[in-house]
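K.L.:
Residues per chain are reported as follows:
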Amino acid sequence: MKIVYQIGIIFAVCWLSQLVEAVIPFAFPASVIGMIILFALLASGILKVSHIREKSDFLLSNMAFFFIPAGVSIINYFDVLKSTALQLVVICLITTVITFGVTAASVRFTLFLMNKVRKGEEK
Amino acid sequence: MSELFASPFFGIALSIAAFAIGVQIQKRTGFVICNPLIIAIVLVAAVLLIFRIPYESYNKGGEIINMFLAPATACLAVSIYSKIEVLKKNWLPILVGCICGSLASMGSVWGLCRLFGLDAAVTASLMPKSVTTPIAVSIAGSHGGMTPITVVAVILTGIMGSIMAPMLIKMFRVKDSMTAGLAIGACSHAVGTSKAVELGETEGAMSGLAIGICGIVTVIFSLFMM
Numbered sequence: 001m002k003i004v005y006q007i008g009i010i011f012a013v014c015w016l017s018q019l020v021e022a023v024i025p026f027a028f029p030a031s032v033i034g035m036i037i038l039f040a041l042l043a044s045g046i047l048k049v050s051h052i053r054e055k056s057d058f059l060l061s062n063m064a065f066f067f068i069p070a071g072v073s074i075i076n077y078f079d080v081l082k083s084t085a086l087q088l089v090v091i092c093l094i095t096t097v098i099t100f101g102v103t104a105a106s107v108r109f110t111l112f113l114m115n116k117v118r119k120g121e122e123k
Numbered sequence: 001m002s003e004l005f006a007s008p009f010f011g012i013a014l015s016i017a018a019f020a021i022g023v024q025i026q027k028r029t030g031f032v033i034c035n036p037l038i039i040a041i042v043l044v045a046a047v048l049l050i051f052r053i054p055y056e057s058y059n060k061g062g063e064i065i066n067m068f069l070a071p072a073t074a075c076l077a078v079s080i081y082s083k084i085e086v087l088k089k090n091w092l093p094i095l096v097g098c099i100c101g102s103l104a105s106m107g108s109v110w111g112l113c114r115l116f117g118l119d120a121a122v123t124a125s126l127m128p129k130s131v132t133t134p135i136a137v138s139i140a141g142s143h144g145g146m147t148p149i150t151v152v153a154v155i156l157t158g159i160m161g162s163i164m165a166p167m168l169i170k171m172f173r174v175k176d177s178m179t180a181g182l183a184i185g186a187c188s189h190a191v192g193t194s195k196a197v198e199l200g201e202t203e204g205a206m207s208g209l210a211i212g213i214c215g216i217v218t219v220i221f222s223l224f225m226m
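Protein chains in written order, with our numbering: chain H, 1 to 123; chain F, 1 to 226.
One or more of the hints may lead you astray.
In silico DSS-like links for lysine-lysine, alpha-carbon gap of 25 Å or less [unchecked claim]:
#	chain 1	residue 1	chain 2	residue 2
1	H	Lys48	H	Lys119
2	F	Lys88	H	Lys119
3	F	Lys27	F	Lys89
4	F	Lys175	F	Lys88
5	F	Lys89	H	Lys116
6	H	Lys48	F	Lys60
If you're looking for bench data, these hints aren't it; they were derived computationally from the structure. Model, not experiment: these values are computed from the prediction.
Turn these sequences into a full structure, and let the hints guide you.
P.N.:
What follows is the structure, encoded as structure tokens:
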């Protein structure tokens with residue numbers, strides 16, 4: 001029964017998140033609302049990780065599998081892909097380098113500032 | 001005959017078989033480029049096209065698999081929560097890094113799409129491509145993007161990030177593990193994180209945190225930018 005309870009908890013959170021998505025006036029994905037609700041439940045101690053461990057391990061470790069149908073529907077978009085494939089690859093390549101560089105630089109700068117403030121306090 | 005393919009069992013069994021083959025190929029070759037998901041997608045698509053099975057028949061099972069995406073995304077909360085101590089200790093650099101990284105990613109995609117003259121639907125499909133697939137797909141879907149394009153772009157980005165990570169660390173002269181982990185997670189989500197884990201424990205934990213936080217940050221920015 002343990003797994004059934006765990007599925008019950010997680011599916012209930014997902015349903016609740018769809019309710020919230022329907023109520024709020026802007027486009028916020030239900031799955032992310034579900035993530036926030038689940039995090040709040042864990043952080044507040046209402047729910048313990050042990051209550052959902054097996055089910056969440058199953059979902060997280062098989063994440064890639066659940067995307068197969070979403071990916072396969074690419075066969076309905078062949079004509080779009082045919083004309084933009086090259087641009088798509090170039091965009092992915094350039095933006096990956098930019099994102100890495102900007103993230104690394106901003107983290108380094110924040111750490112540098114924090115160090116400076118800490119040294120200032122010591123003096 | 002065609003009714004037989006319209007059973008949900010067909011779509012699910014085909015997907016599992018294709019994924020199993022993908023996992024095996026990845027194990028045997030050890031190449032990041034042999035991503036099990038990419039192999040599975042190509043195999044399933046090939047079977048459907050060769051045997052002229054309509055996508056709608058396959059999708060009877062596909063819909064059921066799809067249903068697990070929302071719970072799987074929600075469970076990312078569990079992986080963030082398990083790293084809450086690291087998060088509490090370093091919340092400022094983590095938050096700043098994820099915000100700047102997400103903005104850089106969305107901004108550069110937007111700019112390049114303008115440059116290449118791509119239309120609004122393609123742009124919306126690509127904007128969230130640096131975050132984890134479930135979140136990227138939800139963002140693209142709710143802003144008029146074509147979600148299959150998003151799936152392909154997200155996986156492609158992940159594979160590129162994972163292959164280039166060691167080179168990028170050298171190129172940007174990154175010396176500490178926290179910075180490296182956050183940068184890998186911000187630009188190439190879960191696929192990159194698997195590489196970050198190989199580099200070290202801190203790299204892996206930081207990269208994992210960046211997946212969830214960049215996801216949320218990107219959702220929030222997408223409300224204003226898309």
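K.L.:
When the structure is checked against the list of hints, which entries are broken? Sort them ascending.
P.N.:
1, 3, 6
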